Amino acid sequence: MITLYGTTVSIDEMTVVLDWMGIIVFATTGALVASRKEMDVVGFALLATVTGVGGGTLRDLLLGLTPVFWVANPTYLIVCLCVACFLFFTAHIPASRLRLLLWLDGIGLAIFAVTGAERALAADVAPVVAVAMGTITATFGGIIRDILGGRNTHHTQSRGLRYSSSLSGRHVRWIHSLRSCTRNCHRERVCCRSRNT
Amino acid sequence: MITLYGTTVSIDEMTVVLDWMGIIVFATTGALVASRKEMDVVGFALLATVTGVGGGTLRDLLLGLTPVFWVANPTYLIVCLCVACFLFFTAHIPASRLRLLLWLDGIGLAIFAVTGAERALAADVAPVVAVAMGTITATFGGIIRDILGGRNTHHTQSRGLRYSSSLSGRHVRWIHSLRSCTRNCHRERVCCRSRNT
Amino acid sequence: MITLYGTTVSIDEMTVVLDWMGIIVFATTGALVASRKEMDVVGFALLATVTGVGGGTLRDLLLGLTPVFWVANPTYLIVCLCVACFLFFTAHIPASRLRLLLWLDGIGLAIFAVTGAERALAADVAPVVAVAMGTITATFGGIIRDILGGRNTHHTQSRGLRYSSSLSGRHVRWIHSLRSCTRNCHRERVCCRSRNT
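Chains as they are written, first to last, in numbering that gives the first Met the number 0: chain A, 0 to 196; chain B, 0 to 196; chain C, 0 to 196.
Simulated from the structure, these hints should not be mistaken for laboratory data.
One thing to keep in mind: the hints can contain errors.
One copy or two, it doesn't matter: identical chains are merged, so the pair holds either way.
Derived lysine to any residue pairs resembling SDA-like cross-links, with alpha carbons at most 20 Å apart [claimed, not checked]:
1) 36 x 161
2) 36 x 73
3) 36 x 142
4) 36 x 20
5) 36 x 169
6) 36 x 65
7) 36 x 172
8) 36 x 16
9) 36 x 123
10) 36 x 109
11) 36 x 173
12) 36 x 174
13) 36 x 17
14) 36 x 122
15) 36 x 66
16) 36 x 76
17) 36 x 127
None of the values given here were measured: they were computed from a predicted structure.
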């Protein structure tokens, strides 16, 4: 439980909200790349969907959580397609699509590094695997987007890898300290109770 | 049940027959690309197999139907290898390999868009996911073939995506109307029976 | 059971030892490619890990053995990262990194072709699928390494495919003859016993 602006939210609820934000942000970057390449609406739909759900799909496949999340819950697909349609008509409006793209890419990376690691921890894997999963979730969607969109992004991806792995690492360490803290509190309470009785 | 030229076939039987046809057609296109690139027999075998079973493999992985179909039933692999061997000796005969390739690609796309969506519906997923699966089954084999064969097919693939997604969509809508029709018939019959008794 | 230099080892034990050797050798080739491309330490870690565990990951996904081996046992990841760190400081020492790379690639290919086929046979698949799995395990890590490292290795990979598939084929044939031999011995012994009693 985390108290945020006076309301208490569980980590699970926060993960779900962040996950949706990450998917929308990444779907937007995919559609922006499609717009920069002047693709048709099918290209927008493809790139938005692949970028939005690509990283999470690979994570679910590797963790053995099949059917993958967007097959179990098709709302993810529909949201990505809506983002693609919306961007198809509005992508030409921002003054610099590249700057918007880089900003959104960074935001999506930060969100997915945390939620990817969180999902892996929820599946009871070792910390180092959780860090790897956070990194994969955050970077893989962007890598496929750049391969399909024909962008050369060796440089960007390397920086993305570095940031997302460090973020996932911090998150895993934080969750671990939170958990051991909870466990200690629990143990103390049990001790106190047994002492009192 | 569908009545075709006087004989009654179930949808499952038709799916199996169409699936085999699709695999043979796509394996042929893979071997034709290998022939155009003047590869050796290993290249033929690789491209024919990857193109023939690639789309279905990704579909099975995403749906969680593991082990994937060609691991469970190795006949698929053997057929792809036979097609590769056959084409290795005969691929130079047709006057225009490129025209044959484009025709077969279109036929394979149409077949796999339908059978892919059908298999997804058989695994009880939402209609929009079934459309996505039909599209993936139809286009993914060709995308890998073009990456491995070094063909630049941005244009073709985009058209392939458009056709296969619309075909899958129509098939899913048709199956849905068929099902709801069957359900209504069944309900009416039950009503009649309950009224009669 | 195989008797080797006077000590008896089971095929399972040999597979585990060979698998570790293959992963270390392939992680080294990944790090060497990163070194040739003058990447930073993140690039070393990425290429070493992907090359070391990539082929086995695809094999496990296709066979439906999820979570994949390095998620279940994170020691694999840690070893790959250690190899990457070690190579980051020592990769400039050998006189010719390319020659070392080609040698190690060949050794890794030979090891993984055998252990990949062995693992597939242990999962009770048909012989032709086991050969395909050996080939996939041996070549896929190298293919991803070359795509991410930007190396053009059409030629090398085709040769790798040919060698690894022939090696897997031989191994599967050998294991099959070993098994049928064991079965015959067992049958004979049972016959003898039933004759004696």
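Outcome of the hint check:
1. 36 x 161: Answer is between; shortest inter-copy Cα gap is 17 Å, intra-copy 27 Å.
2. 36 x 73: neither (28 Å within a copy, 40 Å between copies)
3. 36 x 142: Classified as both; 16 Å inside a copy, 19 Å across copies.
4. 36 x 20: neither (25 Å within a copy, 36 Å between copies)
5. 36 x 169: Neither way: residue 36 and residue 169 sit 36 Å apart in one copy and 29 Å across, limit 20 Å.
6. 36 x 65: Classified as neither: same-chain Cα gap 33 Å, cross-chain 37 Å, threshold 20 Å.
7. 36 x 172: neither (40 Å within a copy, 32 Å between copies)
8. 36 x 16: neither (31 Å within a copy, 40 Å between copies)
9. 36 x 123: For residue 36 and residue 123, the Cα distance exceeds 20 Å both inside one copy (41 Å) and across copies (36 Å).
10. 36 x 109: neither (26 Å within a copy, 27 Å between copies)
11. 36 x 173: Cα proximity of residue 36 and residue 173: none, with 40 Å in one copy and 35 Å across.
12. 36 x 174: neither (41 Å within a copy, 36 Å between copies)
13. 36 x 17: neither (29 Å within a copy, 36 Å between copies)
14. 36 x 122: Neither way: residue 36 and residue 122 sit 39 Å apart in one copy and 36 Å across, limit 20 Å.
15. 36 x 66: neither (32 Å within a copy, 37 Å between copies)
16. 36 x 76: Neither way: residue 36 and residue 76 sit 22 Å apart in one copy and 37 Å across, limit 20 Å.
17. 36 x 127: Intra 38 Å, inter 26 Å, cutoff 20 Å: neither.
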